[in-house]
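Student: Sequence:
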Amino acid sequence: EEPLAAAPVDFLQELPSYQSARRRRGGTQERRPTLRGTAGRRGAEARALQQERAEVPERPARELPLSIAEKRVDSQQADTERLSRWKKWKRTSSKSLKKALGEVRGLSSYLVLWHHDIRSIEGKFGTGVQSYFSVLRFLVLLNFIIFIFMFCFVTLPIIISKYGIFNSTIAYISPENIEDDCTVYEPNGNKGLVYFYTYLKDLFSGTGFLEVTSLFYGYYTIDTVWISIMKYNLPLAYLLATFAYLALSFLWIIKRSVEGFMQNLVHDADPFQSYCNKVFAGWDFCITDPSAAQLKHRSLQCELQTDLQEEKVKQKIAERTVEEKLRIYSLRIFINIIVFAILLGCFYSIYRVTVFSQENSSVSIRHGTRTDSVNLLVQYLPSMVITLANFIGPLIFSFLISFEDYTPAFEIKLTLVRCVFVRLASIGVLLFSLWSQISNCSSDKCKPCGYNYKLYPCWESDVGQEMYKLMIFDFIVILAVPLFVDFPRKLLVTHCSCKLIQWFGQKEFQISDNVLEIIYGQTICWIGTFFSPLLPAIATVKYFIVFYIKKMVLTHTSKPAARPIRASGSNFFFLAVLLIGLILAFIPLAVSIARIPSSKACGPFRNFNTSWEVIPDTILEFPTGLQQIFFGMASQAFAVPFFMIICIVMFYFIALARAHKRVVEQLKEQL
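Just so you know, we're using our numbering here: the sequence shown kicks off at 1 and counts up by one.
The hints are simulated quantities; they were obtained by calculation from the structure and are not laboratory data. What you were told as hints is all true, and nothing was included just to trick you.
Below are the DSS-like pairs computed for lysine-lysine, each with C-alpha atoms no more than 30 Å apart in a straight line:
#1 278 / 255
#2 278 / 668
#3 551 / 255
#4 490 / 413
#5 278 / 99
#6 314 / 296
#7 413 / 316
#8 296 / 99
#9 296 / 312
#10 296 / 551
#11 312 / 124
#12 507 / 124
#13 507 / 490
#14 99 / 87
Using the sequences and the hints given, assemble the complete structure.
Tutor: Spelled out as structure tokens, the structure:
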């Protein structure tokens, strides 16, 4: 630090602040001439200035009594005079191109979905709330791209071939060495005169007329599509499209997470430095619109409020005595035991209800022992119990965490993690319950097919129907809560003076609950897309409507959170939880593709024991040399060295990151 403190005198004299101070002490003889007055006076001053420049040609530009703009113009003119015509034209073209690109970039902001709405929300409610709507917009775009991907590579070839476009045909290959009972699949399509109620029931449950459409897995019972002379392997395309949308989601989330992590890293600097950055460098001087300036004012105000709130809590934590620490830690342990018991109760309830629903709905469909309304209720029991657990669990967790005395940012993160185990793990429990029923082969008649073909002749479509019902019921709840809870509560608080109602007050916009709500729905979409290829289209429409619903709830029925949060940490954490949802979605998909026998009565994989077998079967059609390369890459002889190389590269980047971290710390000290 000593060399930094003792700067050379010559260096100090070169600073602009030192030059301006010297001019002020030396009187008016070195002050730059004023540009105000008449045109004649300006001309005289310009001539005097030129004469002064001619008399002192040796002085550098920084010492001339000129403004920054004038010095920049002089420097550019001097550089231009020494350039050739080609370099002048090249420099002019480069400037024009940069200007045009800047204008195009400015116009392209108007094409960004909900750009103005999200900016307005950021100015009124802070960057924490804005991060939620940014994640929502990201999911709309992601689901739309996944839908385009699945439609082009899975659904569109079948539509083309069924209508004979481009001289296309369909090839069916009957399963070999399979008992006839395994290939029987008769969807409950509506025939004859059908009541409107039946269509409505099918629309909510995914059965009936929807079961035989391209929405579900059972529709794609095709082996090969011939488009002119080109062979299109539909099973291979179906599996590769599944891996592709999972990889696309993973890479896109990682890209956005890295951006949020960089912002979070910058914010984790010294609090005083963060405050100085907001005060002295937080304003955008490109803003010319008064409304935009007002929004920027509010955004900075919310950021400063968040900083002050966190500093207040940190100061309170630092001033705790030993007795207070023992009391708060004991209370946290007790609360975590309660949370664990609630999670176990939710999981057990979901498991029992799913088993009951699958057994009774299948019996009622075969024997017709119940009415349609009772059967629909039985089918929706797992969805209702999961939604009830998702609704009650976060309320209990939000109430309990208020006694644990954490910072506002950590409160949201911990509540989010607890709610993740309720929402995302409940989907895993549901799938585990379904698999236990599908693989329940206690009788000898079930063993030839490898799964319970009597109850589940096309088990993939049944799983797709469960994911479809979860998504539809989740959307109904999102619509119903504002309509029947939030708006009446707002009216009562506004027009009723009852003390009890005023004590409840307006509902706060809970960011953690709303983020987890959309992450839960997206996890359902990731899992269900394999069993229902057009489910991303439903998710796109759902989130598009949810954006306007949440915006209306935020602006008309909710009040800002009493403890604001910032987006730099929350946005990164929301994407991290979304990444956890993607990983949890990949696990059941991997089990379904690699372990559970595929249905022999429907779907593109009916000629394979599992869905994964289409990969080695396709490789066997390659030339011998290419086969050896692929099988060599799948062997242990390749996997072990590859893993070691990956570890070495990983350790290198870890060491590089530590070195960069030390450099950043040194730069912070210098600043």
